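Chemist: Take the given structure of chain A and dock chain B to it, following the hints.
Chains as they are written, first to last, in the numbering used here: chain A, 1 to 250; chain B, 1 to 265.
To be clear, the hints were calculated from the coordinates, so they are not data collected in a lab. Source: prediction; values computed, not measured. The C-beta atom is built at its ideal place from N, Cα and C for all residues, glycine as well. Accuracy of the hints is not assured; some may be wrong.
Said to hold, decoys possible - Across the chosen pairs, the derived CB separations fall in these ranges:
| id | chain 1 | residue 1 | chain 2 | residue 2 | range |
| --- | --- | --- | --- | --- | --- |
| 1 | A | 230 | B | 131 | 50 to 58 Å |
| 2 | A | 149 | B | 143 | 16 to 24 Å |
| 3 | B | 132 | A | 226 | 52 to 60 Å |
| 4 | B | 132 | A | 71 | 40 to 48 Å |
| 5 | A | 236 | B | 139 | 28 to 36 Å |
| 6 | B | 17 | A | 163 | 29 to 37 Å |
| 7 | A | 86 | B | 143 | 29 to 37 Å |
| 8 | B | 18 | A | 100 | 27 to 35 Å |
Claimed, not checked - Covered stretches of chain B, going by a simulated chain A footprint (3 or more residues, C-beta under 8 Å):
| id | segment |
| --- | --- |
| 9 | 72 to 84 |
| 10 | 103 to 109 |
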Amino acid sequence: MAHSSLGIILFRIIVLTLAIAAWQFAPFGRGMELWVSRPFLILARLWEWVDDGSLWPHLFATGSEMIIGYLLGCASAIWLGLVLGMLPKLNRVLAPFLAAFYAMPKIALAPLFVIFFGIGLESKVALVWITVFFLVFNNTLDGVRDVDRDLIQVLRIMGARRSEIVRKILLPSAAPWIFTGMRIAVRYAFTSALLAELMAANRGLGFLIEYHSGSFDTTGAYAAILVIVILSVGITEILSRIENSAGRGR
Amino acid sequence: MSSSSPKISFEGASKQFDVRGNSTLALQPISFDVKKEEFVALVGPSGCGKSTVLNLISGLFQPTEGKVFYDGELIRNLNRRVGYMTQKDTVLPWRKTAENVRIALELKCRNVGRKEAAERTAQMIDLVGLKGFEKHYPGELSGGMRKRVALARTLIYEPETLLMDEPFGALDAQLRLIMLDQLQKLTSQRRMTVVFVTHDLAEAITLADRVIVLSARPGRIRSITEITLPRPRDVFKVRFSEAFATLHETLWDELKDEVVKGTDV
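Only chain A is shown next, with the shape it has when bound in the complex (with noise of 0.2 Å):
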């Protein structure tokens, strides 16, 4: 975005203050506007959210959520990543086994969180957590298998201890493939808090669609994936910041 000219800054101002303005006059029926209400009281619904501050609970369950699934997820899938890395041997027995949840959905286990841990916070952590676990366990063990052999010989000649190696060798020429997993998951784990909301919760953002949309109240209901949609650009201009950051390091 950032070499736009200025002449496409400005189309993009007119798209989409015509299509906001079609979205506020157009003149549907009674029954239409119930479905697809108005931008304005859109707006208005959220500044309300805003002044008494009913939002902010859900902005927080939401994002600790995300936080703390997430955070679970990378650590325990770097630290598995690193073993399984390390022992090729129990690796082998126990890759059928993780290709097949890997490969399953893992929204399917939500429902049966829902049971285990109940609808509050755990529930969501855990179907986050799981979600971020296969994305960046893959991305260490790929990084991990991909470090040269003698790089590891080296040290080890050296003296080194299997921790030494782990934090001088395995990490650091993983790094890159752990970032990357670590960089798709993030978005996994906006996706996956919402996702585990919408089936069973009290609050959050998925929550609040859920809510709102039971009782036809439309415009709640978008007042809330309005929040989601600032929500999700911050976090991709975020992950594009750091990253740019990070390519300069090399």
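Modeler: Coordinates of chain B only, in the frame set by chain A:
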């Protein structure tokens, strides 16, 4: 350990590689000793098993038959008393020059403080002529410079035995002489035992106490020649002496036959 007993000892050690059902004999059973603080050069045609000899001493390989001893003990595992500079470029691409050179000193088993490590790293970098390149990544260095990083990284922890596999192959002629000079000074100063693989006879004669010529694959010992040139040797001038020329001729006659055989394969 008395100084008369050998540092390294091969007793009929051979090596055979089995790759997907095909077995190749890389090294016929060979026997020789390397004395303590001796500088031995191994020369021979490509693929004659020179590197295999080093891999056996470092414990990376176990011999198929026979035995290899270090300090009178059978080498069963990785031999951590040697410093091994392999032919392959094993400089860590994510570390800058100084970080690569000092890596051995970061290990717990060396027990070297940060300050001392920094001093020794600076010294080593100076010694191999990489001053000013401390903060360069390997990707920003030439092939010869990377070799020197690898050399400095191996020398910095002063292993009692140095295994070197064609360490100066990528260097230009002048720089190579400078490095040979440094290596000679350093190894005699620190009383290191050195096993040095090269395909360059002049390099071998300049540095070594003994030159072992290996035959074409599968390698066996063709000859062992004592290099009696007085020490310390001036690496820049020694090659113009009469004694050097005679040695070179004798050894080249040995090597020539094997190189010819080697190219038939």
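Chemist: Just tell me: holds or violated, for the beta carbon distance of residue 132(B) and residue 71(A) against 40 to 48 Å?
Modeler: 42 Å, holds
Chemist: Holds or violated: 28 to 36 Å for the Cβ distance of residue 236(A) and residue 139(B)?
Modeler: 30 Å, holds
Chemist: Look at the Cβ atoms of residue 86(A) and residue 143(B) and judge whether their distance stays inside 29 to 37 Å.
Modeler: Distance hint for residue 86(A), residue 143(B) holds at roughly 31 Å.
Chemist: Using a Cβ cutoff of 8 Å, are there at least 3 residues of the segment 103 to 109 of chain B near chain A, or does the coverage claim fail?
Modeler: holds (count 6)
Chemist: Against chain A, does the segment 72 to 84 of chain B show at least 3 residues with beta-carbon separation below 8 Å?
Modeler: holds (count 6)
Chemist: Can you tell me whether the CB distance of residue 17(B) to residue 163(A) sits inside 29 to 37 Å?
Modeler: Roughly 32 Å apart at Cβ, these two residues keep to the hinted range, so it holds.
Chemist: Does the hinted range 50 to 58 Å hold for residue 230(A) and residue 131(B) at CB?
Modeler: Roughly 53 Å apart at Cβ, these two residues keep to the hinted range, so it holds.
Chemist: Kindly confirm whether 16 to 24 Å is satisfied by the beta carbon distance between residue 149(A) and residue 143(B).
Modeler: Holds, since residue 149(A) and residue 143(B) (Cβ atoms, about 21 Å apart) stay within the stated range.
Chemist: Taking the Cβ atom of residue 132(B) and the Cβ atom of residue 226(A), is their distance within the range 52 to 60 Å?
Modeler: Since residue 132(B) and residue 226(A) have Cβ atoms about 56 Å apart, the given range 52 to 60 Å holds.
Chemist: Between the beta carbons of residue 18(B) and residue 100(A), is the distance compatible with 27 to 35 Å?
Modeler: Between residue 18(B) and residue 100(A), where Cβ atoms are some 34 Å apart, the hint holds.
Violated hints for the displayed structure: none, as all numbered hints are satisfied.
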